[in-house]
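*Asks:* Starting from the structure of chain A, add chain B where the hints point.
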Amino acid sequence: MSVFLQFKHLRKSIHGGERLFDIDEFSIPENTCIVLSGRNGAGKTTLLKILAGLDKPDHVDILYDGEHLPWKLAQQKLLHDVVYLHQQPYMFDKTVAENIAYGLRRSGLNRVQVDEKVAQALQWAQLSKLATRNARQLSGGEKQRVALTRARVLSPRLLLLDEPLASMDINAREQTIHLIQRLKSEGVSTIVTSHEPHISTLIGDEHRHLCKTGPCRYTVVKPFLFQRNMEQRSGLSKQHKTYGSREPSAGLTLADKAGQANKSPVNRSNTTMNEHTRIPKQQITAVILAGGLARRMSGQDKGLIEINGRAMVEHIITTLTPQVGSILINANRNLDQYRRYAYPVIEDLMGEFFGPLVGMASGMQATNTDYLLTVPCDSPFIPPVLAERLFHELQDKQADISVAHDSTRMQPVFALLRKELLPSLMTYLEDGGRKIDTWYAEHRLARTDFSDWPDAFININTPDDKESVERKMTHQKDVHKT
Amino acid sequence: MTQLLETSRQALVLLFTGDPALWSIVSISFSVSLRAVLIATPVALLLAFLLAHARFPGRRVLISTFNTLLALPAVVVGLTIYMLLSRSGPFGDLKLLFTQTGMVIGQIVLCFPLLVAFSHATLQAADQRAWETAVTLGAKPWQAMLTLMYEVRYGLIAAVTAAFGRIIAEVGSSMMIGGNILNYTRNITTAIALETSKGEFAQGIALGIILLLSALLLNFALTFMQARDGTVR
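First to last, the protein sequences are chains A and B.
FYI, in my numbering the residues of the first sequence are 1 to 482.
FYI, in my numbering the residues of the second sequence are 1 to 233.
For reference, chain A alone in the conformation it holds in the complex (with noise of 0.2 Å):
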């Protein structure tokens, strides 16, 4: 999968000097549809503009075909190559057909071919019956399809598609994807933006967010440091069949394993099952959050406190490592120190030590695996059950996060989160929000019951807290001892 389009150094301002964006670098592949989302006013739709030529940046080297070109001649190439489509898709006040043929009348072809080609267009995209009708009379959902066929008889490298999918009733939702889908099989190229969490999954191999997070400084967050493999890549294609079904792996059973998995609709992904917990394993990643500021410690730093010989965070591993695929360790201050435990460490992507709602954020965008689990780098008892009770109370509740619950209290922190979630998170951290709480109520919460694992969340907060710990610690393996 090679890079065709490359912009480096892009630089906008909008009038009055602001800066919209100051992006390092932004990458399109071939034949891969990335979904981009950011709230309102982030600068998705001008964005696209200028990926399509149809606005120009203040500054950007453009990389195209591995060639350098000046802005003039590159936009001239995008805009031959880039088609951008609109929120809502401009119709010529023409029939249909003529619509579809309005890029081809222009191309240079004669008469009999645009006729051709408009008409094995007007089939493929089941439009056949509406071509004499004038287009502006068609419905939101045809208007959608006929800008979609009118962009792709001109066989674009690039298709941009701002917001395809935003007020459209649920039948228009899905012969869109379906169209879209079939586009990129067709070897297109293709950008979405939404504000939705879900369309990642469905239609995107990359989601990119763009965000804000200064006053008017605006990056690309590049999410996906673990590049997935090309096996995955198909498992997911093939789920992209199954718009709307929410009830993935609740009903895998071993059987569902490998081979089958892919032939199953109902499959998120082909991953290979824990043959005890039955548990996706592979598509769990754990975050430690360990980001924190430690003000009660005297700001030492959590994760590496010592606990009988030990720090806190090998700890933490050491009963992790059985349960999820991988782990990343978040932290922002002695990097080198959480390095050496060899997993990989992922600093706050925005912020100054904003909580633990940015640890996740961070942890979501910089992994690619289905779920996510977080756990806290201050309690040093995390049950071996965690994410398989946190999984399987998501699966039953149909949830977007499960969280774990002491019988008298949420901890927040001890939860397993969908992948699917980061947009609506970016969105909620970039209006401001910090509070756990007021997040998890934006979305389907499980409540799972740990209250027969009492020392689960005991956490360390103050130096004595540390020495009843490691009492109770040296108790315990007495007691596996015995």
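A few of these clues could be false.
Here are a few chain B residues that face chain A, going by a calculated C-beta distance under 8 Å [said to hold, decoys possible]:
#	residue
1	9
2	31
3	127
4	130
5	133
6	135
7	138
8	139
9	147
10	151
11	195
Over 12 Å on every C-beta distance to chain B, these chain A residues come out as not near it, computed from the model [what the hints assert, rightly or not]:
#	residue
12	84
13	86
14	93
15	99
16	102
17	115
18	123
19	131
20	354
21	388
22	420
23	462
24	463
These are calculated hints, taken from the structure and not from any lab test.
Glycine included, each C-beta is placed from N, C-alpha and C at the ideal position.
*Replies:* Structure of chain B alone, referenced to chain A:
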């Protein structure tokens, strides 16, 4: 009152008996004004488009100027062009004073600001997406411009109609530049002025009726076209 009715009856008789003098006057009127509009429209549309979509220094000043020129009195245009074309004027050698060409020039000057101002308003209000869609689908800038004009054609046709209405009904500039020469530069409005001063009201009213009828026909045609396309219900 009875006098008015009587003269109107005479006017209708004149119209339907095909009085050659009367129809010659009518044809001069239409030929001059149509030529003026046909020459002025393409240039005005192009300028209006640039004012609406290009960004260049002096753009706003130009827009204000054309809006102001809407209020230009026909006699002032007549006077100015008379001075320019008269024997002693800078363009006296062209010998255009008291010719139809001279009248056409006067009428172009009269209708041009109106065409520009109205077309500019229409193109300015056009859906920005139309331009972007055309361009992203591979249209060259001039093709996209034509597409955009097609999309707002009713607004542009209305501008042309208004421009035609203004110059076919003006009297000041035609009188001064054309000189009201029978069978050559006497058009409907100058004829009405003359007949009225002579007390020949019947012919004046007949000509007035023709002016009104032609305006009515034009507007009917426009509305009919839009109704057929489904934009007016």
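*Asks:* Which of the listed hints are broken here?
*Replies:* Structure breaks hints 1, 2, 11, 12, 13, 14, 15, 16.
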